[in-house]
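Just so you know, the protein sequences line up as chains P and S, in that order. Counting with UniProt numbering, you get residues 1 to 241 for the letters of the first sequence. Counting with UniProt numbering, you get residues 1 to 191 for the letters of the second sequence.
Treat the hints with caution; some may be incorrect.
[Unchecked claim] Here are some, though not all, of the chain S residues that point toward chain P, as calculated from beta-carbon distances under 10 Å:
1. V11
2. Y32
3. K61
[To be verified] Straight line, CA to CA, 35 Å or less: simulated DSBU-like cross-link-like pairs of lysine-lysine:
4. S:K61 x P:K218
5. S:K22 x P:K218
6. P:K191 x S:K14
7. S:K117 x S:K79
8. P:K218 x P:K233
9. S:K117 x P:K218
10. S:K149 x P:K233
11. P:K200 x P:K218
12. S:K22 x S:K61
13. S:K61 x P:K233
14. S:K149 x S:K22
15. S:K14 x P:K218
16. S:K79 x P:K31
17. S:K117 x S:K22
18. P:K233 x S:K188
19. S:K61 x P:K31
20. P:K233 x S:K117
21. P:K31 x S:K117
22. P:K191 x P:K218
23. S:K22 x P:K191
24. S:K61 x P:K191
25. S:K117 x S:K149
26. S:K61 x S:K117
27. P:K233 x S:K79
28. P:K87 x S:K61
29. S:K149 x P:K31
30. P:K191 x S:K19
31. S:K117 x S:K188
32. P:K31 x P:K87
33. S:K95 x S:K79
34. S:K95 x S:K149
[Stated by the list, open to error] Estimated spans, in silico, between C-beta atoms of each pair:
35. S:A15 x P:K200: 43 to 51 Å
36. P:F206 x S:S136: 46 to 54 Å
37. P:L108 x S:A102: 21 to 29 Å
38. S:A15 x P:Q229: 18 to 26 Å
39. P:V28 x S:R98: 52 to 60 Å
By construction, these hints were calculated from the structure, which means they are not laboratory data. Even glycine gets a Cβ: it sits at the ideal position worked out from N, Cα and C.
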Amino acid sequence: MEYVNPEGLRLDGRRFNEMRQIVAEVGVVSKADGSAVFEMGNTKVIAAVYGPREIQNKSQQKKNDHAVVLCEYSMAQFSTGDRRRQKFDRRSTELSLVIRQTMEACILTELMPHSQIDIFLQVLQADGGTRSACINAATLALADAGIPMRDLAVSCSAGYLNSTPLLDLNYVEDSAGGADVTVGILPKLDKVTLLQMDAKLPMETFETVFALASEGCKAIAERIREVLQENTKQLEYRRAA
Amino acid sequence: MTTELVTPGDVIGKATEFKAGKGAYVNDTTIYASLTGTRRIVSPLPESLDQRAVVEVTGHKAHGPIPEPGSVVIARVTKVMARMAAVDILCVGSKAVRENFAGVIRQQDVRATEIDKVDMHQSFRAGDIVRAMVLSLGDARAYYLSTAKNELGVVSAESAEGETMVPISWTEMQCPLSGQTEQRKVAKVGN
């Protein structure tokens with residue numbers, strides 16, 4: 001199948017280095033300490049953060065002087081084309097772990113001993129790149145909750161189809177069988193917190209795909225910062241009024 | 001004083017010029033923001049040795065107070081055992097906590113003198129309101145609290161009749177209805 005036509009356009013009309021439209025909003029779950037909705041094209045994720053709060057299950061506490069980060073990822077039954085059956089499968093367990101590790105790397109856990117932070121992620125619509133969308137949603141929700149972080153952890157994916165590196169794969173491109181590289185970075189500190197690839201790529205190709213994904217991450221970080229600043233301005237405006 | 005909006009990861013100063021305050025952290029020689037909010041610079045006290053100004057970020061989310069070693073808390077006794085009393089922390093300083101924090105007052109931390117002769121049941125009863133100081137974060141289960149000071153101990157207690165008792169000495173409280181006295185580790189309140 002042709003994923004990039006001779007004019008250089010992809011199936012949904014994007015160019016190789018174009019991302020889907022990002023829509024983000026914070027403070028969408030009133031009961032949570034922090035929450036956010038993050039949309040990337042047709043992928044839509046809602047995140048809710050509770051904490052830092054007292055540890056509920058004492059057995060989970062391994063180190064006494066750090067906060068425990070817990071993460072639960074689930075996909076809504078209506079999120080994909082054909083209705084999903086079970087709520088927790090191997091894939092969601094793995095994703096929960098990956099997202100937890102990424103967020104743990106950016107949260108200043110040593111500031112909050114004896115506490116736990118819960119991150120709940122629910123995929124409302126899945127159209128490729130849910131992993132990245134979840135990390136971005138979680139970052140927004142954590143920032144909204146006022147949890148101290150080293151940097152905003154952002155994530156973006158990139159792939160390689162028809163000998164072209166492609167930024168931000170959608171579901172059709174993702175299921176094409178090519179490589180899918182998900183990158184998570186701390187943009188200001190220039191550090192990689194997540195790197196996953198589910199196929200083989202030659203070294204040189206990998207470098208270009210990785211660079212493309214990192215560029216995407218930085219663009220997302222800019223957008224996330226704008227959203228947070230806009231939200232802060234709104235809050236100040238309301239406080240003053 | 002200058003203000004501007006920052007997000008986590010933004011560079012907000014050099015460690016040579018500023019000290020990192022709340023909502024900021026130092027990596028190498030650069031100070032980064034760790035919260036979303038407004039950046040503020042607080043000039044140092046004239047008498048402090050470190051003459052660097054403090055740069056901090058104030059967020060919009062107010063977190064509930066958290067007991068720290070050295071802080072004075074108000075707690076309700078939930079269970080009295082032979083060697084310790086279990087309490088729930090209600091206030092830290094003058095602020096009410098948002099969630100439950102469990103604490104324990106161990107036998108050796110009830111009073112300053114004759115600590116080996118303390119009888120827990122002669123010091124606290126379930127339901128008493130106690131003022132105590134946080135000794136440490138304790139074990140995984142509870143904070144360790146101490147009442148080994150004159151101004152620490154039971155501040156309010158109900159008698160068997162269900163009436164609030166009046167303190168009559170540092171070890172006794174009296175019920176205004178029945179005139180019965182009960183043993184407590186009473187806190188010295190006021191002057």
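Comparing the hints with the structure gives:
1. V11: 7 Å, holds
2. Y32: 7 Å, holds
3. K61: 3 Å, holds
4. S:K61 x P:K218: 26 Å, holds
5. S:K22 x P:K218: Holds, at about 26 Å.
6. P:K191 x S:K14: Status holds; Cα separation ~20 Å.
7. S:K117 x S:K79: 20 Å, holds
8. P:K218 x P:K233: 23 Å, holds
9. S:K117 x P:K218: With Cα atoms ~66 Å apart, S:K117 and P:K218 exceed 35 Å; violated.
10. S:K149 x P:K233: 48 Å, violated
11. P:K200 x P:K218: 25 Å, holds
12. S:K22 x S:K61: 13 Å, holds
13. S:K61 x P:K233: Given that 35 Å is the threshold and the Cα spacing comes to 14 Å, the pair holds.
14. S:K149 x S:K22: 32 Å, holds
15. S:K14 x P:K218: Between S:K14 and P:K218 the Cα gap is close to 23 Å, so the pair holds against 35 Å.
16. S:K79 x P:K31: Satisfied, since the Cα-Cα distance of roughly 32 Å is no more than 35 Å.
17. S:K117 x S:K22: Violated - the C-alpha atoms of S:K22 and S:K117 are around 44 Å apart, more than 35 Å.
18. P:K233 x S:K188: 48 Å, violated
19. S:K61 x P:K31: With a Cα-Cα distance of about 13 Å, the restraint between S:K61 and P:K31 holds, given a limit of 35 Å.
20. P:K233 x S:K117: Violated, at about 60 Å.
21. P:K31 x S:K117: The hint is violated at about 49 Å.
22. P:K191 x P:K218: Given pair P:K191, P:K218 holds - Cα atoms ~12 Å apart, limit 35 Å.
23. S:K22 x P:K191: The hint holds at about 24 Å.
24. S:K61 x P:K191: Given that 35 Å is the threshold and the Cα spacing comes to 28 Å, the pair holds.
25. S:K117 x S:K149: 16 Å, holds
26. S:K61 x S:K117: 47 Å, violated
27. P:K233 x S:K79: 48 Å, violated
28. P:K87 x S:K61: Holds, because 32 Å separates the two Cα atoms, which is no more than 35 Å.
29. S:K149 x P:K31: 41 Å, violated
30. P:K191 x S:K19: 24 Å, holds
31. S:K117 x S:K188: Answer holds: S:K117 to S:K188 is near 21 Å, not above 35 Å.
32. P:K31 x P:K87: Holds, at about 23 Å.
33. S:K95 x S:K79: 24 Å, holds
34. S:K95 x S:K149: 21 Å, holds
35. S:A15 x P:K200: 43 to 51 Å: Holds, since S:A15 and P:K200 (Cβ atoms, about 44 Å apart) stay within the stated range.
36. P:F206 x S:S136: 46 to 54 Å: Taking Cβ atoms as reference, P:F206 and S:S136 lie about 50 Å apart, which means the hint holds.
37. P:L108 x S:A102: 21 to 29 Å: Between P:L108 and S:A102, where Cβ atoms are some 25 Å apart, the hint holds.
38. S:A15 x P:Q229: 18 to 26 Å: Given range 18 to 26 Å: holds, Cβ gap about 25 Å.
39. P:V28 x S:R98: 52 to 60 Å: 21 Å, violated
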